[in-house]
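Student: Chains as they are written, first to last, in my numbering: chain A, 1 to 111; chain B, 1 to 115.
Do not take every clue at face value.
Stated by the list, open to error - For each label pair, taking beta carbons as the anchor points, the in silico distance ranges come out as: (1) Lys60(A) <-> Ser66(B): 21 to 29 Å; (2) Thr5(A) <-> Asn51(B): 28 to 36 Å; (3) Ser73(B) <-> Gly78(A): 38 to 46 Å.
Stated by the list, open to error - Facing chain A, according to a computed beta carbon distance under 8 Å, are these residues of chain B, among others: (4) Gln41; (5) Tyr48; (6) Asn51; (7) Ala53; (8) Glu56; (9) Ser100; (10) Gly109.
It should be emphasised that the hints constitute simulated quantities derived from the structure, not laboratory data.
Backbone N, C-alpha and C fix where the C-beta goes; we use that ideal spot for every residue, glycine too.
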Amino acid sequence: GDSVTQMEGPVTLSEEAFLTINCTYTATGYPSLFWYVQYPGEGLQLLLKATKADDKGSNKGFEATYRKETTSFHLEKGSVQVSDSAVYFCALSLNAGKSTFGDGTTLTVKP
Amino acid sequence: DTGVSQDPRHKITKRGQNVTFRCDPISEHNRLYWYRQTLGQGPEFLTYFQNEAQLEKSRLLSDRFSAERPKGSFSTLEIQRTEQGDSAMYLCASSLGADSNQPQHFGDGTRLSIL
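Here chain B stands alone, though its shape is the one from the complex:
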């Protein structure tokens, strides 16, 4: 169990640029989740995958955001035309199975800073 890995750890970019984050889940986990966390708040759900299928997207996920998990393994989250309000910690988590009682295993996150 090598844990959930996220890359990069920190991304600084200018407003209007596109950014892409990567998440590598625990290898046998079929569920993968993206969350966003701002200072002083808990993680907010963005989207999740079961294998390669994206099953749900939060209304927080505007059309500037897109997530993929092409082979059911790693996932990418892209933000186009970044805005100041996109500055946050982006967390990836994975879990095994579809039961709500399965805990999620989190990566250390990617911190996005928009200049």
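Isolated chain A, as found in the complex:
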């Protein structure tokens, strides 16, 4: 079946450090890919998405590129802030829009 594998956490970085959270997927078709973020005490919210190969999704300084050849969608940010501390979920969506999620990566950014 379809699956998403995320880099295990937790990840702890100092402010202004570079962030990469790895995500790879297995899918029977050609999925759309998403990163969702869950801030402390809040629900999941969309961070960015990409719907076809080589598309780059971006938002709030975060970027991820849909790599079909490596079935990956790694999340990156050049300079993290304390306010980026959250749990990040990689997800794919195929037929009907239901999503398959990774297990999440907890990011803590220290001042």
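Put chain B on the given structure of chain A with help from the hints.
Tutor: Frame of chain A; chain B shown alone:
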């Protein structure tokens, strides 16, 4: 856009009792999804509706679970004869349209604790 609303936020009940959760999606969204999330894991798909029709159910959804969306607006998820293993966060999400590239908008979830 008032967002997806779920009620209650937290439910504590004894094993064997029935519980019902409610989800109010974003008003113009025709798709509504239920997920379950346990600690340290991502959300797992349970079922989804397009308008009032329930189009798919995961094998995770045993016969103790039932979901409805009677008028294509709000939805309820009922769990009968609750078990310890039902303890989890139950998430509702909605989206507009049927394309897989439409993001889902999530509620804050209902946390179920079985004593």
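Student: None of the hints should be skipped; say for each whether it holds.
Tutor: Status of each hint after checking the structure:
no. : hint                              : verdict
1   : Lys60(A) <-> Ser66(B): 21 to 29 Å : violated, 39 Å
2   : Thr5(A) <-> Asn51(B): 28 to 36 Å  : holds, 34 Å
3   : Ser73(B) <-> Gly78(A): 38 to 46 Å : holds, 43 Å
4   : Gln41                             : holds, 5 Å
5   : Tyr48                             : holds, 6 Å
6   : Asn51                             : violated, 13 Å
7   : Ala53                             : violated, 12 Å
8   : Glu56                             : holds, 7 Å
9   : Ser100                            : holds, 4 Å
10  : Gly109                            : holds, 6 Å
The earlier numbered hints that this structure contradicts are 1, 6, 7.
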